[in-house]
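With chain A's structure known, arrange chain B on it following the hints.
Top to bottom, those sequences are chains A and B.
All the letters of the first sequence, read from the start, carry residue numbers 1 to 430 under the working numbering.
All the letters of the second sequence, read from the start, carry residue numbers 431 to 637 under the working numbering.
No lab work stands behind these hints: they were computed from the structure.
A portion of the hints provided could be inaccurate.
Dumping the calculated BS3-like pairs for lysine-lysine here, alpha-carbon to alpha-carbon at most 25 Å [to be verified]:
id	chain 1	residue 1	chain 2	residue 2
1	B	Lys628	A	Lys156
2	B	Lys634	A	Lys156
3	B	Lys561	B	Lys543
Model, not experiment: these values are computed from the prediction.
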Amino acid sequence: MSQNRLLRCLAAFYALWLTGCATHSETFRVVEQNLANQQPELALRALDKQKGSRTDEVLYLLNKAMLLRIAGDYQASTASFEAAQQRMGALSALSLREQGTSFLINDSTRSYVGEPFEQVMMHVYKALNYLQLGERDGARVEALQIDLNLRELGEKSGRHLGEAFPRYLTGIIYEDLGEWSDAMIAYRKAYEAYLQNKSKYRIDVPEFLKMDLLRLAHKLDLGEEQDKYQREFALQDWQDKNQGNPEGELIFVLNNGLAPIKRENSVVMPNPSRGGLLRISLPYYQPRPSLVSKMRVNAADGGVEGERVENIGAIATENLADQMPAITARSVARVVAKQQISVQSRKNNNDALALVVDIIGFITEQADTRAWSTLPQDIYLARLPLGSGSYTVKIELRDRMDNIVTVREFPNVLIQQGKKTYLSYHWISL
Amino acid sequence: MMCFTIGMPRAVCAALMAGLFAVLSSGCATKVERLQVDEVKDLSGAWNDTDSRLVSEEMIKDVLSAPWLSAYSSTHKAPPALIVGDVRNLSHEHINTQTFISDMGRVLINSGKVQFVASRGERNEIREERKDQDLNAREDTRKAMGMEQGADYMLKGAINTIIDASGSTQVRYYQVDLSLISLADNRIAWVGQKKIKKLVERSKLRF
Chain A
1 MSQNRLLRCL AAFYALWLTG CATHSETFRV VEQNLANQQP ELALRALDKQ KGSRTDEVLY
61 LLNKAMLLRI AGDYQASTAS FEAAQQRMGA LSALSLREQG TSFLINDSTR SYVGEPFEQV
121 MMHVYKALNY LQLGERDGAR VEALQIDLNL RELGEKSGRH LGEAFPRYLT GIIYEDLGEW
181 SDAMIAYRKA YEAYLQNKSK YRIDVPEFLK MDLLRLAHKL DLGEEQDKYQ REFALQDWQD
241 KNQGNPEGEL IFVLNNGLAP IKRENSVVMP NPSRGGLLRI SLPYYQPRPS LVSKMRVNAA
301 DGGVEGERVE NIGAIATENL ADQMPAITAR SVARVVAKQQ ISVQSRKNNN DALALVVDII
361 GFITEQADTR AWSTLPQDIY LARLPLGSGS YTVKIELRDR MDNIVTVREF PNVLIQQGKK
421 TYLSYHWISL
Chain B
431 MMCFTIGMPR AVCAALMAGL FAVLSSGCAT KVERLQVDEV KDLSGAWNDT DSRLVSEEMI
491 KDVLSAPWLS AYSSTHKAPP ALIVGDVRNL SHEHINTQTF ISDMGRVLIN SGKVQFVASR
551 GERNEIREER KDQDLNARED TRKAMGMEQG ADYMLKGAIN TIIDASGSTQ VRYYQVDLSL
611 ISLADNRIAW VGQKKIKKLV ERSKLRF
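This is chain A alone, in the form it adopts within the complex (with noise of 0.2 Å):
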């Protein structure tokens, strides 16, 4: 067959099967449409629809759960989470024959186990929605969990991404329980994680966190090391902004926009030794940064300015920068690998075979672009104190220039003496 006869042919299957078999990613926007239009329940819908095989089951169970806590049934997410949990824990073993198929085919072949980091902000999720419902006891077995996590991810790697805002949030579950030395450990690590990625991740220590350290530092008994916080913080006058015990908190918890969306880059080459065309084809993220980068949260007269605790776009990112050397090595095996089948066929007079070994090893050869996209691209916190008592909370989110993006309201939020109270919303716009 002639070199232009096989690309033509080449050209006109991959065609086919780029209209037959889009990359996650690409069918994944109706859903995201759906999200930025404020209508959730859509949006599960067209999620079911999109129900795919059983190795992109964990995926499925994450965005869910994510949907149903946008929608507000933080129960039936909850569900969801537990068992996107059960089936992550069943995918960890490693599969000989998913393996073989990734390496014939491509990596999405391969059952999504979640990426260490949606694992542990799978834990953050359950436990906000433990915290909405009022159950702190059940938020404290996800504290647990990310501990756990945490734990293991360490001994595996040596590091784990955006630890920071995870631990924070358990200190808070641990401090609501009071269990004071608990929740110090958990604000001690979450300050050490900060500082560690202050730079990479572009997030600064949150006040609140600084705060949260002194007083329990004091409340502790731990003389020297509220000295050094208070060096280092330069609060020395911290506990007359602490002052007027309020008798309730609220915590609200913003999820900002999408993460950043897996896409596909392909490379198409001719094969210089033997003609025909070679694809290697790669993920990368393509960032979606939110339009909001400021929030305050409003309710009776006071108010407090909302402060970014993670940035998840920037953790995606550099996960996948850690993946990426292993990703590539198997694309081109995987390529080298297809390349010797056709060669040996052809050897083997048998040019057919080798054609369509040829053809096939084209056009399965797609980047895995299977990512927790419901996740937000970055989360804000603000802590606001408050007496007991029925408010409407008011919170104004304000991209870069100030402007008011958008104003929400949530009436009848009840402040409880001595008790927190959580609240969170994500806000979406494509």
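Just chain B now, kept in the frame of chain A:
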């Protein structure tokens, strides 16, 4: 759909699909096997029915043989009335504590040595019903308000866990503590404890 892209005739495609479906469905029919409730079947290593049963058996044995019961009966005529308070789950898992608590309740009540009064949530429901009786029930069947029996002891407790994990191996340690606190003077009359330790080795390979 796949067939169409390869350009296979519709009929052949349908036949192939039907065949494939037949093969798959025969292999994947749901199978149900009935188990004895006391049969030990550990699947994931998480808290399960066996753990719950072990805890209730141990606690029942302990609470009925402990000296608090004979001490109470020697000074009072009626058996002590218990109420179930909060059994906190401080573990790494979402555990339903109701199962062993109701197991305990059943055996204790049926032994005749102990009485149980309804818990807070249940009481509210009963009071609603009594209120309704006040309006709607016949005089001689109407139950009066304010005649509830107060509990003498409250059963409280917690489940704690310690998990030590490395790679695919985990040691899971559960400790269930229950205590019986006298409502009259906050005395702790009885403390029961059950420890469970499991070694869980997750498979490194799967199909």
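Right, here's what the structure says about each hint:
For a cut-off of 25 Å, the pair hint linking B:Lys628 to A:Lys156 stands: about 23 Å separates their Cα positions. Between B:Lys634 and A:Lys156 the CA atoms are separated by roughly 15 Å; this keeps the pair inside 25 Å, and the hint holds. Between B:Lys561 and B:Lys543 the alpha-carbon distance is near 31 Å, which puts this suggested pair outside the 25 Å criterion.
The structure is inconsistent with hint 3 alone, although it conforms to all the rest.
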